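Asker: Given next are the chains, with one letter for each unit.
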Amino acid sequence: MTTDEQLVQDFQRGSSEAFTELFRRYHERIFAFFRRRVNDAGAAEDLAQEVFLGVLRGVTRYEPRAPFRSYLFGVAFNLLAAHRRKKPPGENRTEEIPDPAGGGNLDAALWMRQALNRLEDSAREILMLREYEQLSYEDIAGLLHVPVNTVRSRLFRARLDLRALLAPPKTVTSDK
Amino acid sequence: MSSSTHPIEQDEVMAYFDGELPADRASTVAAHLEHCAECRVLAADFRLVSDRLAAWQVAPAAAALAERVNAAAQQHFEHGKARESRSPKFAPEPSSRPLIPRWVWAVAGTFVFLLFVVAISIPNLLRSRVASNQGLPVPRVPAEVQVVPFRSDRQGGREGGGASYVPQQPSGPMIVRTASLSLVSKDFDQTRAAIEAVVRRHQGYTAQLNVSGQAGAGQSLTATYHVSADQLDAVLLEIKKLGHMEQESQASEVVTDQYVDLSARLANARRTEQRLGQVLEQRTGRIPDVLAVEREIARVREEIERMEAQLKNLDNRVQFASLQVQLREEYKAQTEFAPPSAVSRLRNAVVDGYRSLVESALGLLVFLLSYGPVLLFWGAILYLPGRFAWRRLRASR
Numbered sequence: 001m002t003t004d005e006q007l008v009q010d011f012q013r014g015s016s017e018a019f020t021e022l023f024r025r026y027h028e029r030i031f032a033f034f035r036r037r038v039n040d041a042g043a044a045e046d047l048a049q050e051v052f053l054g055v056l057r058g059v060t061r062y063e064p065r066a067p068f069r070s071y072l073f074g075v076a077f078n079l080l081a082a083h084r085r086k087k088p089p090g091e092n093r094t095e096e097i098p099d100p101a102g103g104g105n106l107d108a109a110l111w112m113r114q115a116l117n118r119l120e121d122s123a124r125e126i127l128m129l130r131e132y133e134q135l136s137y138e139d140i141a142g143l144l145h146v147p148v149n150t151v152r153s154r155l156f157r158a159r160l161d162l163r164a165l166l167a168p169p170k171t172v173t174s175d176k
Numbered sequence: 001m002s003s004s005t006h007p008i009e010q011d012e013v014m015a016y017f018d019g020e021l022p023a024d025r026a027s028t029v030a031a032h033l034e035h036c037a038e039c040r041v042l043a044a045d046f047r048l049v050s051d052r053l054a055a056w057q058v059a060p061a062a063a064a065l066a067e068r069v070n071a072a073a074q075q076h077f078e079h080g081k082a083r084e085s086r087s088p089k090f091a092p093e094p095s096s097r098p099l100i101p102r103w104v105w106a107v108a109g110t111f112v113f114l115l116f117v118v119a120i121s122i123p124n125l126l127r128s129r130v131a132s133n134q135g136l137p138v139p140r141v142p143a144e145v146q147v148v149p150f151r152s153d154r155q156g157g158r159e160g161g162g163a164s165y166v167p168q169q170p171s172g173p174m175i176v177r178t179a180s181l182s183l184v185s186k187d188f189d190q191t192r193a194a195i196e197a198v199v200r201r202h203q204g205y206t207a208q209l210n211v212s213g214q215a216g217a218g219q220s221l222t223a224t225y226h227v228s229a230d231q232l233d234a235v236l237l238e239i240k241k242l243g244h245m246e247q248e249s250q251a252s253e254v255v256t257d258q259y260v261d262l263s264a265r266l267a268n269a270r271r272t273e274q275r276l277g278q279v280l281e282q283r284t285g286r287i288p289d290v291l292a293v294e295r296e297i298a299r300v301r302e303e304i305e306r307m308e309a310q311l312k313n314l315d316n317r318v319q320f321a322s323l324q325v326q327l328r329e330e331y332k333a334q335t336e337f338a339p340p341s342a343v344s345r346l347r348n349a350v351v352d353g354y355r356s357l358v359e360s361a362l363g364l365l366v367f368l369l370s371y372g373p374v375l376l377f378w379g380a381i382l383y384l385p386g387r388f389a390w391r392r393l394r395a396s397r
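Residue numbers (my numbering), protein chains in the order written: chain W, 1 to 176; chain F, 1 to 397.
Just to be clear, a hint being listed does not mean it is correct.
Unchecked claim - One side of the interface only, derived from the structure: several residues of chain W facing chain F at Cβ under 7 Å:
no.	residue
1	Glu17
2	Arg35
3	Asn39
4	Leu53
5	Val75
6	Gln134
7	Tyr137
8	Arg152
9	Arg163
10	Ala164
11	Leu166
If you are wondering where the hints come from, they were derived from the structure by calculation, not from laboratory data. For clarity, every value in this text was computed on a predicted model and none was experimentally measured. Glycine is no exception: its CB is placed at the ideal position from the N, C-alpha and C atoms.
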């Protein structure tokens, strides 16, 4: 199987098929990245589109020192930050209703989203980048401009907090 | 979690779960997990959290996304092929956003152009003004206007309407005599009056006089007298009798060559002046030429007058010898003196202290007025960039 980096090199040489394959591999993940962080599905699609258009325009700036995945999510992260800066202050960006066609339990998804909302912003972002985008500690540190040890400690704390938040509530039964 | 039972940290369990540990450390954690139920529970919790997170699924993207991106990609590659045919392969694409905005380049280019135009136009304007002056013709004087011949009006009786000017030759050596005397006298005023009487009697005059009398010392006089050169010896003889002579000196300077040279130069200058006058009379040139001749005549005239004054001065110096006299009164010391009082000294100290305070305050105010605006200006300019840089630095930490 051709690696992402080989595809990028082919793409840099002008191969449209290489770009198509890269798009096929990542467009759902990029869309999901935005969909979990942006209220509007249309806005998430626009941002995902902008990521790939940005790759089309600026692929010459990519250097194979880092995985293409890290480069791609770096572009997405920057676009997300720019999108958030345009939002009016005070608007809760995670107050969205997840799509019911997610293939999972809606209640569980809703519960998970509410639990994530209760985490600190930076801890939540690190956890989501790790769990959903599958980025390494080092990639996350580069994206957020924090040391790797900070990523590790915050991720650890976020998982423990989420574990506590996801613990089933105590139910009180009464005899009728 | 004590280090004796748990040689690893809890976050290492998490990192092992994430596959982020180095190989040697990962093997250590794996070996520990086989024997530690507590850590196995922790790892299971991490796995559970990840499974619960996976429950949040997102619907797939609409097909329109893929259509739009593919259309843009197709357009990009078609445009890239067209550009390839014109430019070398693998040429980097131009950045969509220039590093420096285009309007900055436009303003800078306009400024440089204007500077260039000003730099080359100013010398050209100056040259054209001078050239236009040189090109003006001078109308000839009408025949009915009577031309008055030029004549120098100060020629010391040597004018001859075209006659040559002969330099003066002295009849004998020209000597300038000088002398100096220092006297001490008991009666200062009387001696001073006697000296002045002697000078007047021998057709002399006082050129300079300075009298001083300081506390704790007698009066003193320093004077320069000019007396007729042939009377100098008689004057010295009489003045020496008026007090106790401390010092006497005489000197003679022969200035014959200097006089002859000056006289010859003066004669030449006069002849030059006459010739220039004739040039001005006979020729009708352009205005710049006429002005140049007149300027030269004025310069020569100035030289003539200067040399005449020098000659006259030499004549005077030869005719009148210079005698410098220093007269000192014999000092009688006072037995009592009055030192400054304590009150005066204290008052002076208070005044000095006040002056120092005012000077230092004024100095500070002058400094603030001189450098304050400059410091405020640069502080205002550098404040925002400095603040921005500081914030970036803090964010990166």
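Asker: Less than 7 Å between beta-carbons is the criterion; does Gln134 of chain W satisfy it with respect to chain F?
Answerer: violated, 10 Å
Asker: Tell me if Arg163 of chain W is really an interface residue toward chain F, meaning its C-beta lies closer than 7 Å to one of theirs.
Answerer: holds, 5 Å
Asker: Against chain F, run the beta carbon of Val75 of chain W and see if the smallest gap drops under 7 Å.
Answerer: Not OK, violated: Val75 of chain W not within 7 Å of chain F, min 13 Å.
Asker: With a cut-off of 7 Å, does the beta carbon of Ala164 of chain W approach a beta carbon of chain F closely enough for the hint to hold?
Answerer: At about 10 Å, which exceeds the 7 Å cut-off, the nearest Cβ of chain F leaves the hint on Ala164 of chain W violated.
Asker: Take the shortest C-beta to C-beta distance between Asn39 of chain W and chain F; is it under 7 Å?
Answerer: Constraint on Asn39 of chain W not satisfied, violated at 13 Å.
Asker: Identify whether the interface hint at Glu17 of chain W stands, where standing means a beta carbon of chain F within less than 7 Å of its own.
Answerer: violated, 10 Å
Asker: A closest beta-carbon separation below 7 Å is what the hint needs, so does Leu166 of chain W meet it against chain F?
Answerer: holds, 6 Å
Asker: With 7 Å as the cut and Cβ atoms as the points, is Arg152 of chain W at the interface with chain F?
Answerer: holds, 6 Å
Asker: Grab the minimum C-beta distance from Leu53 of chain W to chain F and call the hint holds if it beats 7 Å, violated otherwise.
Answerer: holds, 6 Å
Asker: Go through the hint on Tyr137 of chain W and say holds or violated, using the shortest Cβ distance to chain F against 7 Å.
Answerer: Cβ of Tyr137 of chain W sits 5 Å from chain F, so the hint holds.
Asker: Double-check Arg35 of chain W for me: the hint is only fine if its C-beta lies closer than 7 Å to a C-beta in chain F.
Answerer: Arg35 of chain W check passes; min Cβ-Cβ to chain F is 5 Å, inside 7 Å.
Figure legend: structure checked against the earlier numbered hints; hints not met, in rising order: 1, 3, 5, 6, 10.
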